[in-house]
Amino acid sequence: MEFRTVAFDHPDAVKLNDQVQLEYGERYRDEGETEGEGDITPLDASMFVPPRGLYLLAYDDEGRPVATGGWRSQDANDEGYSDGDAELKRMYVIHEARGLGLARRILAALEDDARAAGRTRMVLETGTKQPEAIALYTSSGYTLCANKFGHYREYENSRCFAKPLSRP
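Take 1 as the starting number for the sequence shown in the UniProt record's numbering and just add one per residue.
Some hints here could point you the wrong way.
Calculated cross-link-like contacts (lysine to any residue; reagent style SDA-like; alpha-carbon spacing at most 25 angstroms) [to be verified]:
#1 K129 to A117
#2 K129 to Y24
#3 K129 to L144
#4 K129 to D18
#5 K15 to A108
#6 K129 to D113
#7 K15 to I94
#8 K129 to T143
#9 K148 to A135
#10 K129 to H95
#11 K129 to N157
#12 K15 to T41
#13 K148 to Y81
#14 K15 to T5
#15 K148 to A97
#16 K148 to A76
#17 K15 to R98
Derived Cβ-Cβ restraints for the label pairs, each shown as a range [claimed, not checked]:
#18 V14 to A76: 17 to 25 angstroms
#19 N147 to R98: 27 to 35 angstroms
#20 N157 to D60: 29 to 37 angstroms
#21 A135 to D60: 35 to 43 angstroms
#22 K15 to N147: 28 to 36 angstroms
#23 D83 to L22: 31 to 39 angstroms
#24 G118 to R98: 29 to 37 angstroms
#25 K129 to R105: 35 to 43 angstroms
#26 R27 to R105: 18 to 26 angstroms
#27 E26 to S166: 20 to 28 angstroms
#28 T5 to G101: 29 to 37 angstroms
#29 R153 to E23: 31 to 39 angstroms
To be clear, the hints were calculated from the coordinates, so they are not data collected in a lab.
Glycine residues also receive a C-beta, built at the ideal position from the N, C-alpha and C atoms.
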């Protein structure tokens, strides 16, 4: 596997973001709907430009994008973030590449980069219908936050996690 830093609007990133949005829509659609809306958190490419963020893609040996993830800087605001936060976004591994440890490797790389950029805490929001994500984060040292943050902080099935980015 090869990891590359790319822009959030790179064609391969857009392709995987479209796939993760479909998966979110399937997992979170309300009864009676044919399709869910996916994650409607406002994001744009400028949010992931170093040193205020980073976007990574993993490519397989044939050059196909198979996994993605990014972080963006957050500081204290009305969505519940704190100064020094780095927010994890769009962690995703295509079905065919799951179980290879790619999400864990991307997560570690994103944490290292955010730490090097001076961020003090990695935060994320996920949902109860993503048990694999919750298992990854809790096994990687993330703890459930009492205070919620982000676009979905008011939703009942939303779960927010955080991990200090202390120096090793």
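Okay, the hints, checked on the actual structure:
1. With a C-alpha separation of about 32 angstroms, the suggested pairing of K129 with A117 is violated against the 25 angstroms cut-off.
2. For the suggested pair K129 and Y24, the alpha carbons sit about 9 angstroms apart, so the restraint of at most 25 angstroms is met.
3. Distance check on the hinted pair: K129 and L144 sit about 16 angstroms apart at the alpha-carbon level, within 25 angstroms; holds.
4. At most 25 angstroms may separate the alpha-carbon atoms for a hinted pair to count; K129 and D18 meet this at roughly 19 angstroms.
5. Taking the CA atoms of K15 and A108, the gap is near 23 angstroms; set against the 25 angstroms cutoff, the hint holds.
6. A C-alpha spacing of about 28 angstroms is found between K129 and D113, which places the hinted pair above 25 angstroms, so the restraint is violated.
7. Simply put, K15 and I94 have alpha-carbon atoms about 11 angstroms apart, close enough for the 25 angstroms limit, and the pair holds.
8. Taking the CA atoms of K129 and T143, the gap is near 18 angstroms; set against the 25 angstroms cutoff, the hint holds.
9. Of the pairs offered as hints, the one joining K148 and A135 holds, with about 19 angstroms between alpha carbons and a cut-off of 25 angstroms not exceeded.
10. Straight-line distance between C-alpha atoms of K129 and H95 comes to about 16 angstroms, which keeps the hinted pair within the 25 angstroms bound.
11. The suggested pairing of K129 with N157 holds, with an alpha-carbon distance near 8 angstroms, which does not exceed 25 angstroms.
12. With a C-alpha separation of about 17 angstroms, the suggested pairing of K15 with T41 holds against the 25 angstroms cut-off.
13. Distance restraint check for K148 and Y81: the Cα-Cα separation of roughly 8 angstroms lies within the 25 angstroms cut-off, and the hinted pair is therefore satisfied.
14. With a C-alpha separation of about 15 angstroms, the suggested pair K15 and T5 falls inside the 25 angstroms cut-off, and the hint holds.
15. A distance of roughly 31 angstroms separates the Cα atoms of K148 and A97; the hinted pair therefore is violated under the 25 angstroms criterion.
16. Restraint check for K148 and A76: the C-alpha separation of about 13 angstroms stays at or below 25 angstroms, so the hint holds.
17. Taken as a hint, the K15 and R98 pair is honoured in the structure, with Cα atoms around 17 angstroms apart against an allowance of 25 angstroms.
18. For V14 and A76, the Cβ-Cβ distance of about 31 angstroms falls outside the hinted range of 17 to 25 angstroms, so the restraint is violated.
19. The given range of 27 to 35 angstroms is respected by N147 and R98, whose C-beta atoms sit roughly 31 angstroms from each other.
20. In this structure the supplied range 29 to 37 angstroms holds for N157 paired with D60, their Cβ-Cβ distance being about 32 angstroms.
21. Between A135 and D60 the C-beta distance comes to about 23 angstroms, which lies outside the given range of 35 to 43 angstroms.
22. Range check, K15 to N147: about 35 angstroms between beta-carbon atoms, so the 28 to 36 angstroms window is met.
23. In this structure the hint that D83 and L22 lie 31 to 39 angstroms apart at CB holds, the actual value being about 35 angstroms.
24. Look at G118 against R98: about 33 angstroms separates their beta carbons, and that is inside 29 to 37 angstroms.
25. Between K129 and R105 the C-beta distance comes to about 24 angstroms, which lies outside the given range of 35 to 43 angstroms.
26. The supplied range of 18 to 26 angstroms is met by R27 and R105, whose beta-carbon atoms lie about 23 angstroms from each other.
27. A hinted range of 20 to 28 angstroms for the beta carbons of E26 and S166 is inconsistent with their spacing of about 37 angstroms.
28. Restraint check, T5 to G101: a C-beta distance of roughly 20 angstroms breaks the suggested window 29 to 37 angstroms.
29. Restraint check, R153 to E23: a C-beta distance of roughly 21 angstroms breaks the suggested window 31 to 39 angstroms.
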